[in-house]
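Visitor: Let chain A serve as the given structure and place chain B on it in line with the hints.
Protein chains: 2
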Amino acid sequence: MGFEKNIRRVVPYVPGEQPSGTDIIKLNTNENPYPPSPKTAEAIRNFASDENRLYPDPAASELVSAIASEHGIRESEVFVGVGSDDVLGMCFLTFFNGQLPVLFADITYSFYDVWAELFRIPYETVPLDDTFAIRPEDYEKPAGGIVIANPNAPTGKLLPAEDIEKIISRHPECVVIVDEAYVDFGGESALGLIRRYNNLIVVRTFSKSRSLAGVRIGYAMADEALIRCLNDVKYSYNSYTMSRLAIKAGVASISDKEYFRECLDKIIATRERSTVLLEKLGFQVIPSASNFLFATHPEKQAEDIFNYLKSRKIYVRWWNKPRIRNYLRITVGTDEQMNLLAGALADCLA
Amino acid sequence: MGFEKNIRRVVPYVPGEQPSGTDIIKLNTNENPYPPSPKTAEAIRNFASDENRLYPDPAASELVSAIASEHGIRESEVFVGVGSDDVLGMCFLTFFNGQLPVLFADITYSFYDVWAELFRIPYETVPLDDTFAIRPEDYEKPAGGIVIANPNAPTGKLLPAEDIEKIISRHPECVVIVDEAYVDFGGESALGLIRRYNNLIVVRTFSKSRSLAGVRIGYAMADEALIRCLNDVKYSYNSYTMSRLAIKAGVASISDKEYFRECLDKIIATRERSTVLLEKLGFQVIPSASNFLFATHPEKQAEDIFNYLKSRKIYVRWWNKPRIRNYLRITVGTDEQMNLLAGALADCLA
Numbered sequence: 003m004g005f006e007k008n009i010r011r012v013v014p015y016v017p018g019e020q021p022s023g024t025d026i027i028k029l030n031t032n033e034n035p036y037p038p039s040p041k042t043a044e045a046i047r048n049f050a051s052d053e054n055r056l057y058p059d060p061a062a063s064e065l066v067s068a069i070a071s072e073h074g075i076r077e078s079e080v081f082v083g084v085g086s087d088d089v090l091g092m093c094f095l096t097f098f099n100g101q102l103p104v105l106f107a108d109i110t111y112s113f114y115d116v117w118a119e120l121f122r123i124p125y126e127t128v129p130l131d132d133t134f135a136i137r138p139e140d141y142e143k144p145a146g147g148i149v150i151a152n153p154n155a156p157t158g159k160l161l162p163a164e165d166i167e168k169i170i171s172r173h174p175e176c177v178v179i180v181d182e183a184y185v186d187f188g189g190e191s192a193l194g195l196i197r198r199y200n201n202l203i204v205v206r207t208f209s210k211s212r213s214l215a216g217v218r219i220g221y222a223m224a225d226e227a228l229i230r231c232l233n234d235v236k237y238s239y240n241s242y243t244m245s246r247l248a249i250k251a252g253v254a255s256i257s258d259k260e261y262f263r264e265c266l267d268k269i270i271a272t273r274e275r276s277t278v279l280l281e282k283l284g285f286q287v288i289p290s291a292s293n294f295l296f297a298t299h300p301e302k303q304a305e306d307i308f309n310y311l312k313s314r315k316i317y318v319r320w321w322n323k324p325r326i327r328n329y330l331r332i333t334v335g336t337d338e339q340m341n342l343l344a345g346a347l348a349d350c351l352a
Numbered sequence: 003m004g005f006e007k008n009i010r011r012v013v014p015y016v017p018g019e020q021p022s023g024t025d026i027i028k029l030n031t032n033e034n035p036y037p038p039s040p041k042t043a044e045a046i047r048n049f050a051s052d053e054n055r056l057y058p059d060p061a062a063s064e065l066v067s068a069i070a071s072e073h074g075i076r077e078s079e080v081f082v083g084v085g086s087d088d089v090l091g092m093c094f095l096t097f098f099n100g101q102l103p104v105l106f107a108d109i110t111y112s113f114y115d116v117w118a119e120l121f122r123i124p125y126e127t128v129p130l131d132d133t134f135a136i137r138p139e140d141y142e143k144p145a146g147g148i149v150i151a152n153p154n155a156p157t158g159k160l161l162p163a164e165d166i167e168k169i170i171s172r173h174p175e176c177v178v179i180v181d182e183a184y185v186d187f188g189g190e191s192a193l194g195l196i197r198r199y200n201n202l203i204v205v206r207t208f209s210k211s212r213s214l215a216g217v218r219i220g221y222a223m224a225d226e227a228l229i230r231c232l233n234d235v236k237y238s239y240n241s242y243t244m245s246r247l248a249i250k251a252g253v254a255s256i257s258d259k260e261y262f263r264e265c266l267d268k269i270i271a272t273r274e275r276s277t278v279l280l281e282k283l284g285f286q287v288i289p290s291a292s293n294f295l296f297a298t299h300p301e302k303q304a305e306d307i308f309n310y311l312k313s314r315k316i317y318v319r320w321w322n323k324p325r326i327r328n329y330l331r332i333t334v335g336t337d338e339q340m341n342l343l344a345g346a347l348a349d350c351l352a
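Those sequence lines, one after another, are chains A and B. Count along the first sequence starting at 1, add 2, and that's the number in our numbering. Count along the second sequence starting at 1, add 2, and that's the number in our numbering.
Okay, chain A solo, but in the shape it has when bound (with noise of 0.2 Å):
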């Protein structure tokens, strides 16, 4: 009878832990080790901060315009938002509008389903296989939108290029948004097709390869028509979502292609390393395209080995979910807390 039952009930999504402290060695949110670009330490140091009594401009076309030229795109090709979680969700309000179910896989993104729950859009997961690959061909029913996570979180697993056109090009009767989160550190990106399908939508993050994960800068990319009705819905809510620091953080970030290219390779190199350390350790690793590992082993409770992690002070992530229970997802750091970690393991499984 009161207020109350008009309320939007919902369960939302658990972020990782985000402990403070300067000794701890945090493996759990999938965040850079190496500081943002030092150009974008300069911006922000530079930022005058009287202009901060000004609106930013709504558009955000200094950050839009560096995106599309880092890309080879037009502006009218480009939407930013506050991280790719609020791009995402805006591109779920925007797009999934009708009654066919949305897919996704059974393992993926775990704030896809809370997206679909707090919009009342229909969904349906769809199984990856025992190898945790997802199989184009379960994709072919009729859809109401897809959603696919490439390399996939928190797997780490890559779909070839090949597999994502083959369920793009079946499905011109729903948007197909790949999370392209991770895609830096070793995917192959469904970018060069956003001009053939105008039903893709390409999604990206500075959180993780541009270390700017505090900033909060998301970005989708696609036809220049499906831009402009996201533009339309993020209008609609709320006209200035990007400050003026995270617009100038973002463009000088872009601006330093070195820098970007030179931590993503140490990142690269020190997943490759970390995956033998851990394989000698009896762990099972999937190779992983991004900036984690997932990992199991066969003698050890994951949530125990979890435990014990945190107990030094190592803080990796686990769920209490089917199929993947008795599976660590661990960040890669720099080397030196990977040796670490290693150590803490073996310790552990001594």
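No wet-lab data here; the hints were simulated from the structure.
Identical copies carry no separate label here, and so any pair may be met within one copy or between two of them.
Here are the computed lysine-lysine pairs in the BS3-like style, where the Cα-Cα straight-line distance is at most 25 Å:
hint	residue 1	residue 2
1	K302	K282
2	K7	K143
3	K7	K168
4	K315	K282
5	K312	K282
6	K268	K41
7	K312	K302
8	K268	K315
9	K168	K143
10	K41	K259
Guide: Showing chain B alone in chain A's frame:
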């Protein structure tokens, strides 16, 4: 037949122009003419850029705690977002899920009907009286929600606290949002009522009185059960809405009470002085409790004045809308800016 039919089509809000250039006088989007507190500037300068590689605290606890202590309430009674638009949009999404129409004034912040359209919420506008006042008795019908901007925009007109309470107390069946974006400039807040009425939400922003439009901070204060629902929806949309910098800048702003008071006093003094200036030029000015003036001239069309001022590089706001077509909304700038405005208006009317 294609994916287009499932797209949410909306008519977005059109924000005021954000022209660039140092030679313009910008009195069109109610920004503060004074820079943010020097303590905020310092917080930005000292802001350790390396930390930007890490996600922010999803709960923005430092900022929530500063806001709670500033208002003498509990942290559990505070919700923060990316500007008050983000907070208000989330309130619409969270609380207005009934069949009855949400009520708000016919002349008020023009985002309310945009959010209602975006989220497919039924709504009904309630006409202000001939003096642009809200009559509480007009709201005496069952509602799915009520939104009151106080002081109202774009009129600047204040509704007395007892009238606000009258409306809230007669609507236990719905959530009542009091949007106090401008209350620091002279309004009487409904904040004191949040413990008496568990259906009341008071929304504020750092964009106007705290000179931080470019940083994007808004907040809501309400009974902790409502705040919990808001947070659940926020965590179902984007865990990390508040950047690290926004948290630091907001906390620093709150810490500088003296500077805050000083700026407010200057703006209020300029507002009163500018009202007299405009009246001397023949304008009728609605008594303002905000940082803007809503004015009409009996002998000259508002649209013509608007265009003339633009040609003199002075931007004010004009809407081609029923009832207010002959009014201008003029942000209170510095004394010097208001003198230049008065000079240009004198030329225009000569």
